[in-house]
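Novice: Chains as they are written, first to last, in full-length UniProt numbering: chain A, 1 to 296; chain B, 1 to 296.
Simulated from the structure, these hints should not be mistaken for laboratory data.
Accuracy of the hints is not assured; some may be wrong.
Pairs count within a copy or across copies, as identical chains cannot be separated in the list.
[Claimed, not checked] Capping the alpha-carbon separation at 20 Å, the derived lysine to aspartate or glutamate pairs in EDC-like fashion look like this:
1. Lys-169 / Asp-231
2. Lys-168 / Asp-110
3. Lys-107 / Glu-286
4. Lys-107 / Glu-164
5. Lys-169 / Asp-246
6. Lys-247 / Asp-23
7. Lys-107 / Glu-19
8. Lys-247 / Asp-110
9. Lys-168 / Glu-286
These figures come from a predicted structure and were not determined experimentally.
2 protein chains.
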Amino acid sequence: MSEFISFPEWLASHTQRSEQALDALLDAEATIPTRLHQAMRYAAQGGGKRIRPLLVYAAGELGDASPATLDAAATAIECIHAYSLVHDDLPCMDDDDLRRGRPTVHKAFDEATALLVGDALQTRAFEILALADCSAEVRLSMISVLAAASGSRGMAGGQAIDLENVGKKLDLSGLQQMHAMKTGALLSCAVQMGGIASHLSQAQMMHLQNYSQKLGLAFQIIDDVLDVTSDSQTLGKTAGKDAAQDKPTYVSLMGLDYARKQAQELQVEAIASLASFGSKALALKELALLMVNRGK
Amino acid sequence: MSEFISFPEWLASHTQRSEQALDALLDAEATIPTRLHQAMRYAAQGGGKRIRPLLVYAAGELGDASPATLDAAATAIECIHAYSLVHDDLPCMDDDDLRRGRPTVHKAFDEATALLVGDALQTRAFEILALADCSAEVRLSMISVLAAASGSRGMAGGQAIDLENVGKKLDLSGLQQMHAMKTGALLSCAVQMGGIASHLSQAQMMHLQNYSQKLGLAFQIIDDVLDVTSDSQTLGKTAGKDAAQDKPTYVSLMGLDYARKQAQELQVEAIASLASFGSKALALKELALLMVNRGK
Numbered sequence: 001m002s003e004f005i006s007f008p009e010w011l012a013s014h015t016q017r018s019e020q021a022l023d024a025l026l027d028a029e030a031t032i033p034t035r036l037h038q039a040m041r042y043a044a045q046g047g048g049k050r051i052r053p054l055l056v057y058a059a060g061e062l063g064d065a066s067p068a069t070l071d072a073a074a075t076a077i078e079c080i081h082a083y084s085l086v087h088d089d090l091p092c093m094d095d096d097d098l099r100r101g102r103p104t105v106h107k108a109f110d111e112a113t114a115l116l117v118g119d120a121l122q123t124r125a126f127e128i129l130a131l132a133d134c135s136a137e138v139r140l141s142m143i144s145v146l147a148a149a150s151g152s153r154g155m156a157g158g159q160a161i162d163l164e165n166v167g168k169k170l171d172l173s174g175l176q177q178m179h180a181m182k183t184g185a186l187l188s189c190a191v192q193m194g195g196i197a198s199h200l201s202q203a204q205m206m207h208l209q210n211y212s213q214k215l216g217l218a219f220q221i222i223d224d225v226l227d228v229t230s231d232s233q234t235l236g237k238t239a240g241k242d243a244a245q246d247k248p249t250y251v252s253l254m255g256l257d258y259a260r261k262q263a264q265e266l267q268v269e270a271i272a273s274l275a276s277f278g279s280k281a282l283a284l285k286e287l288a289l290l291m292v293n294r295g296k
Numbered sequence: 001m002s003e004f005i006s007f008p009e010w011l012a013s014h015t016q017r018s019e020q021a022l023d024a025l026l027d028a029e030a031t032i033p034t035r036l037h038q039a040m041r042y043a044a045q046g047g048g049k050r051i052r053p054l055l056v057y058a059a060g061e062l063g064d065a066s067p068a069t070l071d072a073a074a075t076a077i078e079c080i081h082a083y084s085l086v087h088d089d090l091p092c093m094d095d096d097d098l099r100r101g102r103p104t105v106h107k108a109f110d111e112a113t114a115l116l117v118g119d120a121l122q123t124r125a126f127e128i129l130a131l132a133d134c135s136a137e138v139r140l141s142m143i144s145v146l147a148a149a150s151g152s153r154g155m156a157g158g159q160a161i162d163l164e165n166v167g168k169k170l171d172l173s174g175l176q177q178m179h180a181m182k183t184g185a186l187l188s189c190a191v192q193m194g195g196i197a198s199h200l201s202q203a204q205m206m207h208l209q210n211y212s213q214k215l216g217l218a219f220q221i222i223d224d225v226l227d228v229t230s231d232s233q234t235l236g237k238t239a240g241k242d243a244a245q246d247k248p249t250y251v252s253l254m255g256l257d258y259a260r261k262q263a264q265e266l267q268v269e270a271i272a273s274l275a276s277f278g279s280k281a282l283a284l285k286e287l288a289l290l291m292v293n294r295g296k
């Protein structure tokens, strides 16, 4: 983030850049099979805050990442995120009709198409990284961290733990492990990919990991807070569904006030981890403030 | 295939090798989340003829591929194949209860778990390739061809075309395009990955592509023939379901006799494409005979 632009300007320009990268790297709607490619764009381009791409771009300012590499990383991780949302919304999972204020993919198209959309968005994520315009080592490193963060020991595994525990009394450490896998791993991965593209040292990567782990946890706590305190229109998805499904949450385990306090403390610790990067980490710092203060 | 062992011996030893590679490269059942990892192994290790791994190993005999690279390639492509079967069997797709003579994953576990099993097997495929013990170029090349063969312009795209055409009058060229994407792409990919691991020249890769395209088409024609002429127990899956679902097939478009004749001609052409490889291509030749003559 240059010293000459404000964070709102950075945010607007990088959100736009993430949309442009998605538009450029997804298959055109006219590509056969057209209905599938339309549905893939519907799923990936239907708005959203683009938090993961923004984390990629922000971490990409810490070193010498090329713009094209960051665009590939940002798009790949957003494809993974979009695939997970499409599959989560299916009737056999959360059975949700509303996502980002619009009908979910299986409502706008059909269930079988939604299944294939998720499958093909995941494949495209890895294809984009394999074909990215950077060194073979950077590409393979990004593919490895994305696979680890999204597979059975990451996001998909967190989903499985979530499913197993509906209606059960998960304790706080169990809840943290579940969220660390289900949402934390992919948020951390976004920051890592930006760092890999920037050719950071191992010590620098450790600082980034510390930042992203604290931030991921704070983000999920706030998600649980908002699920209780906000309405569906503001969230762009169905509010109160965790309580309705009797799922354990930070709010149900900690209470609302303590959950908010914890999120604030984690935010402070996350930002402190960026100290050694100086002003290069301004965008990462501002994103941490934005992600934890949302809904205020 | 060494001159000193017979093809049945080669087949038995390489089928076993493919099982061992799967066992070594899939996460252990004891890894958390245990239920998901158990279900992933149930899906991938439940038998099957291992045609794609065998094609990888057979093509891997044409050059200087390392055993570890071939094991990674064989396991990755079998993970993709297994994921596609798990998702295809779901109620919103083919709604099948039987696969390889056992309950399908969503019957043995549940739908949500089956969805995650497919998702996570796909991820694992790319992770295995990214971490394979060979040059960065070979790894990236294998990831690229696997993504292209399995994504929206390959297998998943073929599925989408198949869905769109249930009950419609797809003509022969439409049917061929659909099958080339739905099953042909992954069979070709198996051969290609073996060739990439063997560091073959571009001209040699062209011969392999010719072989695998003819073989893939012949294989699908025979699949349609067997769907009509065989029973569920012999197939290990529900027989007669294409006709029951009013799907166009080679048999419904060509008639049984002509379909069989076409498959034989394609088999001969596929084998002819291997001429320049001499005795190194013995296993590929025998696999073509096996794949097209099955059910006889």
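Novice: None of the hints should be skipped; say for each whether it holds.
Specialist: Checked hints:
1. Lys-169 / Asp-231: Neither. Shortest intra-copy (26 Å) and inter-copy (48 Å) distances fail the 20 Å Cα cut-off.
2. Lys-168 / Asp-110: The answer is between: 18 Å across copies meets 20 Å, while 32 Å in one copy does not.
3. Lys-107 / Glu-286: neither (36 Å within a copy, 48 Å between copies)
4. Lys-107 / Glu-164: between (26 Å within a copy, 17 Å between copies)
5. Lys-169 / Asp-246: within (10 Å within a copy, 48 Å between copies)
6. Lys-247 / Asp-23: Neither, since 36 Å and 34 Å both go past 20 Å.
7. Lys-107 / Glu-19: Close neither inside one copy (23 Å) nor across copies (40 Å); limit 20 Å.
8. Lys-247 / Asp-110: between (27 Å within a copy, 19 Å between copies)
9. Lys-168 / Glu-286: neither (37 Å within a copy, 54 Å between copies)
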